[in-house]
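Participant: Below, each chain spelled out in residue letters.
Protein chains: 2
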Amino acid sequence: MKKLLLLFLSSILLISCNQKQEKPIDNNQFSAEEKIDSTKIKTLFNTALTEGKSYEWLRVLTQNIGGRLSGSPEAEKAVIWGEKLMNEVGLDSVWLQPVMVPHWVRGEKEVANYAINGVQKNVPICALGFSIATSKEGVLAEVIEVKSLEEATALGDKMKDKIIFFNRPFDNTLIKTFEAYGGCVDQRVKGASVCGNFGAKGVIVRSMTNAVDDYPHTGTMSYGDLPKEKHIPTAAISSRAANILSDDLKANPNLKFYFKQSCETLPDAPSFNVVGEIKGSETPENVFVVGGHLDSWDLAEGAHDDGTGIVQSLEVAYLFKKNNIKPKNTLRVVFFMNEENGTKGAKKYAELAKLNKENHIGALESDGGGHTPRGFSIDANTVNTKLLQSWKKLLSPYGLHDLDKGGSGADISPLKAENVTLVGYRPDSQRYFDYHHTSTDTFDKVNKRELELGSASMASIIYLMDKYLYNNTPVKP
Amino acid sequence: MKKLLLLFLSSILLISCNQKQEKPIDNNQFSAEEKIDSTKIKTLFNTALTEGKSYEWLRVLTQNIGGRLSGSPEAEKAVIWGEKLMNEVGLDSVWLQPVMVPHWVRGEKEVANYAINGVQKNVPICALGFSIATSKEGVLAEVIEVKSLEEATALGDKMKDKIIFFNRPFDNTLIKTFEAYGGCVDQRVKGASVCGNFGAKGVIVRSMTNAVDDYPHTGTMSYGDLPKEKHIPTAAISSRAANILSDDLKANPNLKFYFKQSCETLPDAPSFNVVGEIKGSETPENVFVVGGHLDSWDLAEGAHDDGTGIVQSLEVAYLFKKNNIKPKNTLRVVFFMNEENGTKGAKKYAELAKLNKENHIGALESDGGGHTPRGFSIDANTVNTKLLQSWKKLLSPYGLHDLDKGGSGADISPLKAENVTLVGYRPDSQRYFDYHHTSTDTFDKVNKRELELGSASMASIIYLMDKYLYNNTPVKP
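Protein chains in written order, with the working numbering: chain A, 19 to 495; chain B, 19 to 495.
Rather than coming from a laboratory, the hints here were simulated on the basis of the structure.
List time: in silico DSS-like cross-link candidates among lysine-lysine, alpha-carbon distance up to 30 Å:
#1 A:LYS372 x A:LYS485
#2 B:LYS127 x B:LYS248
#3 B:LYS165 x A:LYS58
#4 A:LYS411 x B:LYS60
#5 B:LYS434 x B:LYS411
#6 B:LYS268 x A:LYS71
#7 A:LYS410 x B:LYS58
#8 A:LYS411 x B:LYS410
#9 B:LYS53 x A:LYS410
#10 B:LYS404 x B:LYS344
#11 A:LYS71 x B:LYS463
#12 B:LYS404 x A:LYS404
Computed from a predicted model, the values in this text were never measured in an experiment.
Chain A on its own, in the form it takes in the complex:
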């Protein structure tokens, strides 16, 4: 028995040993300068993981303030909160940039249903941002299911007085889920403008998600150049409801779908970008931006979209200050307003940067959720792209393997220019569209470590960019 227990004990320890994977970061593969960088990066990660503030900040933003669509009282609370917090972190200066933003309101909770053999099926539904309301009585009409804008357009006048149901699902074989989103979102954005033109009564769209579940996902739409009298109400239904409706339509092609919503677009409202900076120690006239968007959809708390980007951006500055890292160039944290329905904050920021002849060297945006870090997407000239990619060995010990050329983000894109290096932070995207623009995008879906690893990842690339993109002339590390 004694022998058995000893054997057993050693097998237990084997379990933990077998699972050990982490190797100490091998400083021998690094040059002297890279060793300094590697040590600095490790320090940024250690601080984030042991003294990080982002998780608690996120709790306040999501649970105390909540959903904060542009023009809402919550969005204004978020502005005040953001300004106060930037001051608390001790940025050298903090200010608000006034900007007029669209002001769309959802109104009463939407209702949708249809009857099969006298039995009513209720459908989870939500209006799309900028949609008009239905009449007070709602819309009741037969349904035509289509899979694309082209298929809808081909219907022509057959759409008259019908509800058009866009039901092309995400391509789940795409590994990066933003690709699947990109392949479907035209239905949501343009569906109503296409169908309104032919006298359809309304448009319903399958929710933008990889999952099959009961949550309708909102998001912005546009009537494009459609004359106002042709505007029709549009809404998203849950993916499961879309599957069921599609099946029911096969057996009952003449079923009548009913929905009612009371949303409306009010006059533009005054709001703000929140901006704070650490003055550069050597060339303060050169500016790096790190940011996310402060507004969110109204259905939930705006945790992954984009509370995480907000608190991570500020944590970059916090990590610099906490470790007494003084950026050579000015490091500016921007909480952009109105990314979700207008990107007015982004445009205002770029407009003022131009007006004030500010020299932006680079910008980093976090607007892909707060999941475990995977890397960065680089939108820069060839020289700078290669420079950033050369940092792979410094970043890969932290799971940051993806350093591909690609887009950056909607809020920093207006800063695009030949010598401006734009970077999008890219966390793992597998779960993102479970929560995106729907009622489940809440604080409890964010993991503290994953959030903090993201802050440290962002701080690390900003540290390297500040050092090596110095004065916009790349220096080989």
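Assemble the complex: chain A is given as a structure, and chain B must be docked to it using the hints.
Facilitator: Coordinates of chain B only, in the frame set by chain A:
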């Protein structure tokens, strides 16, 4: 306004375009043979992501059967379920391997508390596997807090009649969380054997987790060669309770901690490994194993530990069959019994393999949770390790970047030999110890896509191993 709307529409589309990261897999970088492999791997992923069964299987295993500690009625139900399911998937042969397993039972729900200034604080607690019970009245004693086995040992006879409180937390700066676990678990495994020897009344251990929360985490312990009369009860308390108790002890060093538990170790019970195989088309005498463990702790549903490993392992065979891929060597799926407290199933499997002179070429284990894929850990000779690492360009489009040398897993380790290639599947580990061995390890914590991506990752490396480790003589791809 029309111009504004058009501008707006294009900015919306910019959002989705900016987020697009995925590039088509560049077949030009591949040799002719690698193009075949790349296509095959893509097919495995496509099938998993569109026709995968693992999520539904996991739902049944976790929600219909539930926690399934060795020797429990649920473990036996899981054996019957596993055998039936392997037959349904259409494996060529399915059988049970009898094995005697330890049979420890938790008994009544544990109780713990202490009083400060007459106010009682209740403490979330759970007995550790193989611990003895307290007396029916429970244990009440003063507490000495220590951070290590060495610190405890140094106390010597001062431990007499005291409760020893092990409170060394995870090192949260370690990026791979299994490292942090490996650095702490000795407190849980050996604490009672060290302290029992000096007459302590009991041992309580801080839960093994990165998080600070209210869930006690169970896990196995051992009395080693301590004589039976020196065995003392041991339990884990939640990490938050550990922090609070530590603070309270500073102000009230003489506080008395109380806990009661009624667990016991019953005689060994009969159980089974569940084994099924697809016969090899060329050299059926050569065997590859893919497996996980069927047993789980009793506090939850055993979702991430290790329901996900079970369903992913079977899905490897399902993906082969669905795509009509006939392995050259025999592909054997093994649901190991009793990984959590004894690894008797693993030992039995290896013992029978030796007895039956089976030629194992390799084995793959999934026992690190069902989160998003990161890679594999390779325990093989140098030639085979390099061969596996040469597949990086085939695997990295799926987020599989980690192909380091390291341990494999507790259930396949007994198969270790010079020419046997052992591989551990390594999903992202950041959230894993939030759920590990505690009541929150439930089905809802598993994401369908992440689970399926894991199955496909495993199927892909098995496909490559079957093709290139053929007959144990590595062939350059």
